[in-house]
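> Chains as they are written, first to last, in our numbering: chain A, 1 to 486; chain B, 1001 to 1486.
If you're looking for bench data, these hints aren't it; they were derived computationally from the structure.
Every value quoted in this text rests on a predicted model; they were computed, and no experiment measured them.
For glycine and all other residues, C-beta sits at the position ideal for the given N, C-alpha and C.
Warning: the hint list may mix true and false statements.
Unchecked claim - Straight-line Cα separation of at most 30 Å, DSS-like style, residue types lysine-lysine; simulated pairs:
(1) B:K1062 x A:K313
(2) B:K1040 x A:K319
(3) B:K1065 x A:K65
(4) B:K1030 x A:K258
(5) B:K1151 x A:K85
(6) A:K244 x B:K1404
(7) A:K311 x B:K1065
(8) B:K1030 x B:K1040
(9) B:K1376 x B:K1421
(10) B:K1249 x A:K40
(11) B:K1065 x A:K389
(12) B:K1450 x B:K1151
(13) A:K249 x B:K1040
(14) A:K30 x B:K1030
(15) A:K30 x A:K210
(16) B:K1062 x A:K389
(17) A:K389 x A:K283
(18) B:K1151 x B:K1030
(19) A:K40 x A:K30
(20) B:K1062 x A:K311
(21) A:K311 x A:K376
(22) B:K1283 x B:K1065
(23) A:K65 x B:K1062
Unchecked claim - Label pairs and their computed distance ranges (CB to CB):
(24) B:A1087 x A:A323: 46 to 56 Å
(25) B:K1065 x A:E190: 51 to 61 Å
(26) A:E190 x B:F1332: 26 to 36 Å
(27) A:A94 x B:A1309: 49 to 59 Å
(28) A:A323 x B:R1183: 44 to 54 Å
Number of protein chains: 2
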Amino acid sequence: MSNNPQQKTPDRIPTRGENFSEWYIETIRKADMADYTVVKGCMVIKPYGYGLWENIQAGLDKRIKATGHENAYFPLLVPESLLLKEAEHVEGFAPECAWVTHGGGSPLEERLAIRPTSEAIICSIYANWVRSYRDLPILINQWANVMRWEKRTRLFLRTSEFLWQEGHTVHRTHEEAREEVLRMLEVYREFLENELAIPAVPGRKSDAEKFAGASETYTVEALMQDGWALQAGTSHDLGQHFAKGFGIKFLDEDNTEKYAWQTSWGVSTRLIGGTIMTHGDDKGLRLPPRVAPVQVVVIPIFKAGLEGALKEKLGQIAKDLRAQDVRVREDFRDNQRPGFKFTEWELKGVPVRIEMGPRDMENNTVAIVRRDTGAKEIVPVDAIVETVKRLLVEIQAAMLAAAKAFRDENTRRPANYEEFKTLLDEKRGFLLCPWDGTAESENAIKNETKATLRCIPFDGGEAQPGDVDIYTGRPAVARALFARNY
Amino acid sequence: MSNNPQQKTPDRIPTRGENFSEWYIETIRKADMADYTVVKGCMVIKPYGYGLWENIQAGLDKRIKATGHENAYFPLLVPESLLLKEAEHVEGFAPECAWVTHGGGSPLEERLAIRPTSEAIICSIYANWVRSYRDLPILINQWANVMRWEKRTRLFLRTSEFLWQEGHTVHRTHEEAREEVLRMLEVYREFLENELAIPAVPGRKSDAEKFAGASETYTVEALMQDGWALQAGTSHDLGQHFAKGFGIKFLDEDNTEKYAWQTSWGVSTRLIGGTIMTHGDDKGLRLPPRVAPVQVVVIPIFKAGLEGALKEKLGQIAKDLRAQDVRVREDFRDNQRPGFKFTEWELKGVPVRIEMGPRDMENNTVAIVRRDTGAKEIVPVDAIVETVKRLLVEIQAAMLAAAKAFRDENTRRPANYEEFKTLLDEKRGFLLCPWDGTAESENAIKNETKATLRCIPFDGGEAQPGDVDIYTGRPAVARALFARNY
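All chains, please: the whole structure from these sequences, using the hints.
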């Protein structure tokens, strides 16, 4: 927050239409969510951004535990020899690793990667834990930092270090593992919809887009306001790939030794970027009430001599709201004008603003302003708590409805490849097209248009009679969602 | 947990008297709290240990926020050039650093340390945030992993990677910074006492023992059951050392530019080790109810034909307790005998056990057993919730009282250096002695006896008339607490 008293309004941010990418970065920086640091590719998540992450963590952690998982913590460093145990995995991740080569003043015998993801280190440990079918399932989640060396970075979306949760489970049968994979994907979908007001599309990844080392990858794909897709969370059926690489075997009830079946699933601080790009407008952030670090900001319109009385009155209102678990901030700064504060808290995306000036005090009312619509109502002091609670629910619902409408309007079904290219250039968005199931078609489309196969959606992903691949013209096996993506 | 049905009782752990150090490690491993991994010096914190850490985090995070701090997240990696900016700091930490030298397939221009602590990286960022006195104070905390390369490791007490929180604050005046340092030390002391039932002694460190780069270090020192001290938390007055090294300056209200004053303070997963060594007995862990991951375990004593009825009845009891926010675990395994389960949950330190067998069912009663004393009472089903809630409070208080009595019995005042050495060898514990304030005396005692100066306690640390240094015989400036320490 700026404390420069010379400044009449906060620095202007570019509009989304002028430059979506600059709008995104400047909104984050001006809203005090995060910034770049001297460490290449690594960001600092400032308290306002971290507060959002804490609310995301709390909402998701509750769901992860409600589905029977426990949290644990595994080592940050992964010896190179462990990464090498699963061939596709090392091929996918080794180029992105940061390597520790010296410790305690001496060179190390073996170099250690900072975890880019934890399958390798966790599987090396699970191999010691699993002996009998009675040791299964293992249902563990970890909240952690991970590191993937990135050349081109963007705050929250692509940074060398980021924060995430990664679930790692072990099962007796493939069927049970597959149930887990889909259960956690649904947890993500529901969480995104009900907490972040992001209506993501659940579906299955193509072989080309799946996780390095997985049998199948499932995803929830969100559509940003610039028409680009964002992979918001993934859930992997690891099959027995890692179990075989790491020797995770158990004696089953029938007294035969079997390899276990595994899953992993994760979402990251990238969700913060997704929330910003789904809901923000040209004034800045618009945060969904359920996860907003500040749900209500209380601002006095000072008049000489009335400062004390206004602060007291608004302080009591804030207290009453807090007693109902509403997250309130009082902005009683005396070196900024109300208009400056309004603009600043709009930039920071606080869902509800309460204003009180001398006339309001006389009438025992306040003005309540919605961030999402800008609508203002005058409310008697007695009705504030009830009004705010209602508004927080309404705003959350309205934001989801708007995001759903945007997604639906921007999901198109091109009739042929020419239309596909035109729509992609002119409208962007999701393009649902028949696909022949080959990497040949998928790669050609990617190379020619930069659109990638985001997923074969659970809903609408089945090929219909007569469907032919949008690129090759060969018979289609599915309908796939294509888009340019972050 | 063992699921081997051939096993009549869980593996025996050594007694504390036989070998305290082995008792400690074996208790942790058998109780499924943590274990070593293939990564040298790095542990895995298993769900049961991590559950304790989550409760510690929740209790402490609430207190950190209640004192006005917000959480944030700073980069994991610290460029070497930043570490070099504070001379004492780099001297203290560089030898323990793990160094990243390669990233994304290429050697790096500058090597990066995995944070051993975050003063350097955070100060480099704060330097950009602080311009005016209106930007102060900065009151930020971070929950993070850190890495200090250790040759000799011990689960939770000394591992290369550990988890902690680190507060980093910036102030306008030294007085305000000092208030912060002492405020957070008191938060730690109160937290240790009321949540972990550890009666730690607050005090000031000598120059030799203070944090590398601090003006003053304050500490809370706990006494373990083997008579060794454990530094449980520290709070540092950083003076202007880092502000000068990193250029953290502000324009004060009087229009002059000034260097800021800083503090930092932290506690770590080491607190888990302290909890184990304060309260454990020869049967294993005894966890304080307020932080125990499982507060009550419910165990049926099965009789053929009654399994279903017993499970149903105990399931209802568990549900009633959960409705009152009691953390309950049902142990309905059918491949282990009750005696095995009793021993196992005693090893895991669960404060209260509820048993129900066929006769209890007839009488509509249960047996409730306290882990701390072993006392057993027969309680009507209707009175379970009330009894359990009372017991959890009583057990917490009894554990603190016992730990306080132990600490007080084992805090001695040797009359001379000969007695000092005898007491240290025969009784260990805290030794409170007059000290002349010199490193000469402190170092001689350390070299000859391995006892270090733990702190000059706030209570009882003032020199009395006629006090002379226990080693040099010179006039004393304080009374200091010495002990051998972890």
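> Next step is simple, just say for each hint if it's right about the structure.
Results for each hint:
{"no.": "1", "hint": "B:K1062 x A:K313", "verdict": "holds, 27 Å"}
{"no.": "2", "hint": "B:K1040 x A:K319", "verdict": "violated, 51 Å"}
{"no.": "3", "hint": "B:K1065 x A:K65", "verdict": "holds, 24 Å"}
{"no.": "4", "hint": "B:K1030 x A:K258", "verdict": "holds, 26 Å"}
{"no.": "5", "hint": "B:K1151 x A:K85", "verdict": "holds, 27 Å"}
{"no.": "6", "hint": "A:K244 x B:K1404", "verdict": "violated, 52 Å"}
{"no.": "7", "hint": "A:K311 x B:K1065", "verdict": "holds, 23 Å"}
{"no.": "8", "hint": "B:K1030 x B:K1040", "verdict": "holds, 21 Å"}
{"no.": "9", "hint": "B:K1376 x B:K1421", "verdict": "violated, 43 Å"}
{"no.": "10", "hint": "B:K1249 x A:K40", "verdict": "holds, 25 Å"}
{"no.": "11", "hint": "B:K1065 x A:K389", "verdict": "holds, 24 Å"}
{"no.": "12", "hint": "B:K1450 x B:K1151", "verdict": "holds, 19 Å"}
{"no.": "13", "hint": "A:K249 x B:K1040", "verdict": "holds, 25 Å"}
{"no.": "14", "hint": "A:K30 x B:K1030", "verdict": "violated, 51 Å"}
{"no.": "15", "hint": "A:K30 x A:K210", "verdict": "violated, 36 Å"}
{"no.": "16", "hint": "B:K1062 x A:K389", "verdict": "holds, 24 Å"}
{"no.": "17", "hint": "A:K389 x A:K283", "verdict": "holds, 24 Å"}
{"no.": "18", "hint": "B:K1151 x B:K1030", "verdict": "holds, 24 Å"}
{"no.": "19", "hint": "A:K40 x A:K30", "verdict": "holds, 21 Å"}
{"no.": "20", "hint": "B:K1062 x A:K311", "verdict": "holds, 26 Å"}
{"no.": "21", "hint": "A:K311 x A:K376", "verdict": "holds, 21 Å"}
{"no.": "22", "hint": "B:K1283 x B:K1065", "verdict": "violated, 37 Å"}
{"no.": "23", "hint": "A:K65 x B:K1062", "verdict": "holds, 21 Å"}
{"no.": "24", "hint": "B:A1087 x A:A323: 46 to 56 Å", "verdict": "holds, 51 Å"}
{"no.": "25", "hint": "B:K1065 x A:E190: 51 to 61 Å", "verdict": "violated, 28 Å"}
{"no.": "26", "hint": "A:E190 x B:F1332: 26 to 36 Å", "verdict": "holds, 30 Å"}
{"no.": "27", "hint": "A:A94 x B:A1309: 49 to 59 Å", "verdict": "holds, 57 Å"}
{"no.": "28", "hint": "A:A323 x B:R1183: 44 to 54 Å", "verdict": "violated, 26 Å"}
Violated hints, listed in ascending order, are 2, 6, 9, 14, 15, 22, 25 and 28; each of the other numbered hints is respected by the structure.
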